[in-house]
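In order, the protein sequences belong to chains A and B.
For what it's worth, the numbering used here labels the leading residue of the first sequence as 271, then goes sequentially.
For what it's worth, the numbering used here labels the leading residue of the second sequence as 6, then goes sequentially.
If you are wondering where the hints come from, they were derived from the structure by calculation, not from laboratory data.
Among these hints, one or two may not hold up.
[What the hints assert, rightly or not] Subject to a maximum C-alpha distance of 30 Å in a straight line, what follows is the list of computed BS3-like cross-link-like pairs (lysine-lysine):
id, chain 1, residue 1, chain 2, residue 2
1, A, Lys601, A, Lys476
2, B, Lys21, A, Lys601
3, A, Lys442, B, Lys13
4, A, Lys357, A, Lys326
5, B, Lys61, A, Lys409
6, B, Lys61, A, Lys410
7, B, Lys61, A, Lys821
8, A, Lys410, A, Lys476
9, B, Lys33, A, Lys601
10, A, Lys601, B, Lys61
11, B, Lys61, A, Lys458
12, B, Lys55, A, Lys636
13, A, Lys450, B, Lys55
14, B, Lys55, A, Lys476
15, A, Lys717, A, Lys797
Keep in mind it's a predicted model, so treat the numbers as computed, not measured.
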Amino acid sequence: MNKKKNRIKRILLIGNPNVGKSVIFSRLTGVGVIASNYPGTTVEFSKGCVHYKNDKIEVIDVPGTYSLEPTSPAEEVAVDILKNAIKKKDSVVINVVDATNLERNLNLTLQLLKMDIPIIIALNLWDEAHHIGISIDTKKLQELLGVVVIPTIAITGEGIKELISRLDEAKKGSYQYEDKERWHEIGKIVDQVQTIRHKHHTIFEKLSDLTIHPWTGIPIASVILILIFVVIRFIGESLISYIFEPIFDYLWQPVVMQLSLLLNGKGIIHDILVGELIDGKIDFGQSFGLLTTGLYVPIAAVLPYVIAFYLVLSFLEDSGYLPRLAILLDKAMHLVGLHGMAIVPMMLGLGCNVPGALGTRVLESKRERFIAATLMAIAIPCMAQLAMVFGLLGKYGVRGLGPVFLTLFIVWLIAGILMNFTIKGESPEIFVEIPPYRLPYFGALLKKVWVRIRWFLHDAIPFVLLGVFIVNLLYSLGIIEFLGKITAPVIINLLGLPLKAVAALIIGFLRKDLAVGMLLPLGLSLKQLIIASVVLTMYFPCVATFAILFKELGFIDMMKSALIMIGSALIVGSVLNLIL
Amino acid sequence: MKPIELTKMQSGENGKIISISGGYGIIKKLEALGIRPGVDIAKISSQLMKGPVIVKLGNTRLALGFGMARRIIVEPYDKKDSAGVYE
């Protein structure tokens, strides 16, 4: 055995997609990361730390990969991380193996065993394997592979302690085989260690087939999509009217009012903190101070919908429904040059365009990623913006919301079809593992929702406050008026909006929710509200999304994408102005 | 039975994969998820209008595009449901 062992400085969690690496990561580090029930949740690696024998070891949650010959950017990331770690010689691999799919998972394991890096195996989903009648002789497997194998149930934490405590038993693989013979070797191993008892088909398995069979699947999908919409609005509205609005009206309002009195109701500081009093009172939507509108928009108007959306999305993710929806919509997605799995970044984008843009990494080709990212940025409003649109147009019901969504859908479709025709190259076909349905584990689900909400609070509130600050600054310096005059031909003549809307369009670069909020005091007509909502969605992504897209697409493609967005926003806005 | 393309196999039927007709890239891609000659495969369903085909290999359910499925040559087993999709 190696006597002088290097101290372990880094742990890599490597395994096939959707085997529970991220759950193990959260267990090890206490760092909340997003884990879901579909392949490709982790597209970017996350880092955390674990304490081990008075040492702090870095843990990296590596995106899932089926083999060490990558076929997508997410898989490339995985292989790069592994190669780097091998070079540094201070890392250990925890190879997470799905016990319910031993044969397929061993393909990666056997490739890893040939690498120059110590390995320990976590045989995860142990309970599920047992449940469907698979038993694995871990001792024998350990003997055959020559590395430690520990059964784990990540979701409940079983086996994780043992995994950590035996980390220094990790060693390099000694298993010898010819690459050509890999599957043959795997077959030999599986025959020796795995026994399959009578498999009782679960109700979930039948449900699985019903939801992807076209005759039953499409009606079920329609019902689910409508349900999603209804549930999000119901939760969002209830949270607003029973919790968040009362808090602002009855608790926060008196506090700010006192402050306003203290400041004598005027002056620069008053304007920035409290804003303008409307009829001597604070109007959280219109006063436009940091402590009034600056807090009200992200917390009372947007946060409730963000909570509602992520509750529903997380439930969908953890149940395993998303890949099935992807399969049903695959054919339709080919119209826009994508395949079914592109609905995953689109759905994520509906929450916030930033994770949506990152999510395009599950797509294999550059062409697909360009189309998906551009479509998302043009036609998918984020939940923050949607919440404000609901607030503005909700009272008109279908008459107000219908044209907005219908227009965005048509834009999505036409822009997609045009890009599919004009951008060279072909789109690869869908090729995805369909995970079994799982009942979401409530604790894990809430934790995930919390992680996402924390991101939102973390990212959104500073930007909204900054936005409010900038608006006040621009107004007092007369810049908004100046820009209004320059852009008047476009805004008034083409889009049919009042000059003051230019302020909203400027702030839209920063935060869409705030921008929509700025339409409120303008007293726009229904038609103008519809046009403004659509244009604000389309013309440019917010600055956070822009930064990510820039990184993902590169300078040239981002410029192309931006031109498409601005161009189509003007065209669509003008058309709406003519026909509505 | 005569080997046929996976897309021509009936839903609910089982077969053995005989070969993959394609280049190195596609063979590797399919192989990474366990689709390779000699393996048993069950076709669960397929989407309309040459949409994705849903198959089951061992314990894994996979969806693959029509074009990809066409490259998989299978030999269906004689008796329908000999090893049934669920069993």
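We went through each hint and held it up to the structure:
With a CA separation close to 23 Å, the supplied pair A/Lys601 and A/Lys476 stays within the 30 Å bound. Proximity of B/Lys21 to A/Lys601 is assessed by CA-CA distance (about 27 Å); at most 30 Å being required, the pair is judged to hold. Only pairs whose Cα atoms come within 30 Å are accepted, and A/Lys442 paired with B/Lys13 is rejected, the gap being roughly 45 Å. A threshold of 30 Å between alpha carbons decides the hint, and for A/Lys357 with A/Lys326 the separation of about 20 Å falls inside it, so the pair holds.
For the hint linking B/Lys61 to A/Lys409, the alpha-carbon distance of about 29 Å falls within 30 Å, and the restraint holds. Straight-line distance between C-alpha atoms of B/Lys61 and A/Lys410 comes to about 27 Å, which keeps the hinted pair within the 30 Å bound. Straight-line distance between C-alpha atoms of B/Lys61 and A/Lys821 comes to about 38 Å, which puts the hinted pair past the 30 Å bound. A distance of roughly 34 Å separates the Cα atoms of A/Lys410 and A/Lys476; the hinted pair therefore is violated under the 30 Å criterion.
Between the alpha carbons of B/Lys33 and A/Lys601 the distance comes to roughly 24 Å, so the proposed pair stays at or under 30 Å and holds. For the suggested pair A/Lys601 and B/Lys61, the alpha carbons sit about 21 Å apart, so the restraint of at most 30 Å is met. For the proposed pair B/Lys61 and A/Lys458, the alpha carbon gap of about 21 Å is at most 30 Å, so the pair holds. Restraint check for B/Lys55 and A/Lys636: the C-alpha separation of about 25 Å stays at or below 30 Å, so the hint holds.
Under the criterion of a C-alpha separation no larger than 30 Å, the hint pairing A/Lys450 with B/Lys55 is inconsistent with the structure, at around 34 Å. Our distance criterion of 30 Å between C-alpha atoms is met by B/Lys55 and A/Lys476, whose separation comes to about 23 Å. Between A/Lys717 and A/Lys797 the CA atoms are separated by roughly 41 Å; this puts the pair beyond 30 Å, and the hint is violated.
This entry does not satisfy hints 3, 7, 8, 13 and 15, going by the numbered hints stated previously.
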